[in-house]
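Engineer: In case you want the letters, here they are:
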Amino acid sequence: MRKLLILGAGTAGTIAANKLRRLLARDDWEITIVEQRGAHYYQPAFLFIPFGRYRPKRARRKATRYLPAGVTRVKGEVDRVDPDARTVSLLNGDEISYDFLIIATGTSPYPAETPGMADDWLGAVHSFYTYDDAVALREAIARFDGGRVVVHITEMPIKCPVAPLEFALLADDHFRRRGIRDKVSITFVTPLDGAFTKPIASATFGSLLEDRGISVEPDFMIESVDPRGHRIVSYDEREVPYDLLVTIPLNRGAAFVGRSGLGDELDFVTVDKGSLRHTRYDSIFAIGDAANVPTSKAGAVAHFEMDLFPEQFVRMVAGQEPTETFDGHATCFIESGAGKAMLIDFNYETEPLPGLFPYPVMGPLPLLKESRLNHLGKLAFEWVYWWMLLPGRPIPLPAHMSMKGKKAPH
Amino acid sequence: MSTTSVMGREVHVDGEGFLTEFDEWDEALGAELASQIGIEMTDEHWSLIRFLRADYAEMGQTATTRRVATVGGVPVKRQFELFPKKPGKKMAYIAGLPKPAGCV
Numbered sequence: 001m002r003k004l005l006i007l008g009a010g011t012a013g014t015i016a017a018n019k020l021r022r023l024l025a026r027d028d029w030e031i032t033i034v035e036q037r038g039a040h041y042y043q044p045a046f047l048f049i050p051f052g053r054y055r056p057k058r059a060r061r062k063a064t065r066y067l068p069a070g071v072t073r074v075k076g077e078v079d080r081v082d083p084d085a086r087t088v089s090l091l092n093g094d095e096i097s098y099d100f101l102i103i104a105t106g107t108s109p110y111p112a113e114t115p116g117m118a119d120d121w122l123g124a125v126h127s128f129y130t131y132d133d134a135v136a137l138r139e140a141i142a143r144f145d146g147g148r149v150v151v152h153i154t155e156m157p158i159k160c161p162v163a164p165l166e167f168a169l170l171a172d173d174h175f176r177r178r179g180i181r182d183k184v185s186i187t188f189v190t191p192l193d194g195a196f197t198k199p200i201a202s203a204t205f206g207s208l209l210e211d212r213g214i215s216v217e218p219d220f221m222i223e224s225v226d227p228r229g230h231r232i233v234s235y236d237e238r239e240v241p242y243d244l245l246v247t248i249p250l251n252r253g254a255a256f257v258g259r260s261g262l263g264d265e266l267d268f269v270t271v272d273k274g275s276l277r278h279t280r281y282d283s284i285f286a287i288g289d290a291a292n293v294p295t296s297k298a299g300a301v302a303h304f305e306m307d308l309f310p311e312q313f314v315r316m317v318a319g320q321e322p323t324e325t326f327d328g329h330a331t332c333f334i335e336s337g338a339g340k341a342m343l344i345d346f347n348y349e350t351e352p353l354p355g356l357f358p359y360p361v362m363g364p365l366p367l368l369k370e371s372r373l374n375h376l377g378k379l380a381f382e383w384v385y386w387w388m389l390l391p392g393r394p395i396p397l398p399a400h401m402s403m404k405g406k407k408a409p410h
Numbered sequence: 411m412s413t414t415s416v417m418g419r420e421v422h423v424d425g426e427g428f429l430t431e432f433d434e435w436d437e438a439l440g441a442e443l444a445s446q447i448g449i450e451m452t453d454e455h456w457s458l459i460r461f462l463r464a465d466y467a468e469m470g471q472t473a474t475t476r477r478v479a480t481v482g483g484v485p486v487k488r489q490f491e492l493f494p495k496k497p498g499k500k501m502a503y504i505a506g507l508p509k510p511a512g513c514v
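Residue numbers (this note's numbering), protein chains in the order written: chain A, 1 to 410; chain B, 411 to 514.
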């Protein structure tokens, strides 16, 4: 009997458990999953909760409900992996042995890593990257009746890199609807040199922000938050004052990854970007946000990874070479306010381009352009997530990015 | 992908002038790239550039300012003093490496 151990029951871990349980014979393979949180969150909702447009409780479900039969569930927090002994110890002292390990413990925000940021947390400093933070921000925004809103990214990479941009656009929409937009200034502060990392999308998003009267402060590497003076300060001594700071704190992988010597300087697991196998340990893999692959940290990436990875995992553990490798494919809906959204599609090599998705001519979804249909697509995705994506049912989208229907720059 | 001439040598660069071929770089070229962006190179500057080159050869990605701080041991504040305003980009430019990804 061989033992597969999966750490984490978020998007990537849950899909992997469902797909691998079907692929690996029950007589040969025992699968165990360590579930750390108890709840499974529909994280795209975190963007809407602060604006009172989504009932928080709807975003939270019991994690074990989405795990298949035939997988042993362990509730606990990981303390350490011993890659030589092939064991994982939990904080409660239990030890689990494995033949193969899949790390899917994601990324989390760490406000205490930026001096001053945690000192006024949930005072004038807020975020929306956890369920609790999104709920707290809803109260703060409901109370806010004018002043300077600063939407801020601490450092890349972050989970869902378009979410801060969407937040700024939805904030504009929200304050317009309340009739107080003229009393609110919105500033988007980013360590990047524009609104997004990739040039064509960055130009599109940049003009969108300009149209909405949202100013951009680029190349801002934060050194500290001044919680009394209500301003953020950069390493090159620029200052941006705020009345409400909505920050995306430093994102790191799980601390046990660093303690176990398996990760990079941000505790993301170092893997080969095509096979998702650890750079030094053949028995270890990392999927979803936990891996240090150079693409977005996002549910869509976890989904495309899981279209390829399970079959390739079966090959690799049988000692064969993978026949297909992951290309970094990511697709994101971007809520832009007023019931519209944009859509982008890209991978390791190709930046987001305009065109139609997923089919040329027919689309029906326009890329890099605001449309009502994209917004409806984003809303419909919630059902797909719970009922098709997590259980690992086939979704008719290609795992690899396609250039069909796209307009490449000349 | 286009080429440009630096010190009479043809090198491959991207749209923003970052070298795209690891092996087309040497320290003489690095010194020229530094002077183009107004950086006067000292031993301390060079030690960072050498760290970036070695780290790239091992990791396949350009080190971020955070990585230069935690792995290379030079605090971010000091990097800003040595390579004002945009240390991540300036170091990569001089070292002949791709712009640090900020990876989407």
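Keep in mind that the hints were calculated from the coordinates and are not lab data. Even glycine gets a Cβ: it sits at the ideal position worked out from N, Cα and C. It is possible that some hints are incorrect.
Said to hold, decoys possible - When the alpha-carbon atoms are kept at most 27 angstroms apart in a straight line, the in silico DSS-like pairs for lysine-lysine are as follows:
1) A:Lys273 / B:Lys509
2) B:Lys487 / A:Lys406
3) B:Lys509 / A:Lys198
4) A:Lys404 / B:Lys487
5) A:Lys75 / A:Lys57
Stated by the list, open to error - A short, non-exhaustive set of chain A residues, derived as facing chain B with CB atoms under 8 angstroms:
6) Glu217
7) Glu239
8) Asp243
9) Ala380
10) Glu382
11) Tyr385
Engineer: Could you work out which earlier hints the structure fails to respect and list their numbers in ascending sequence?
Structural biologist: 2, 4, 6, 7, 8, 9, 10 and 11
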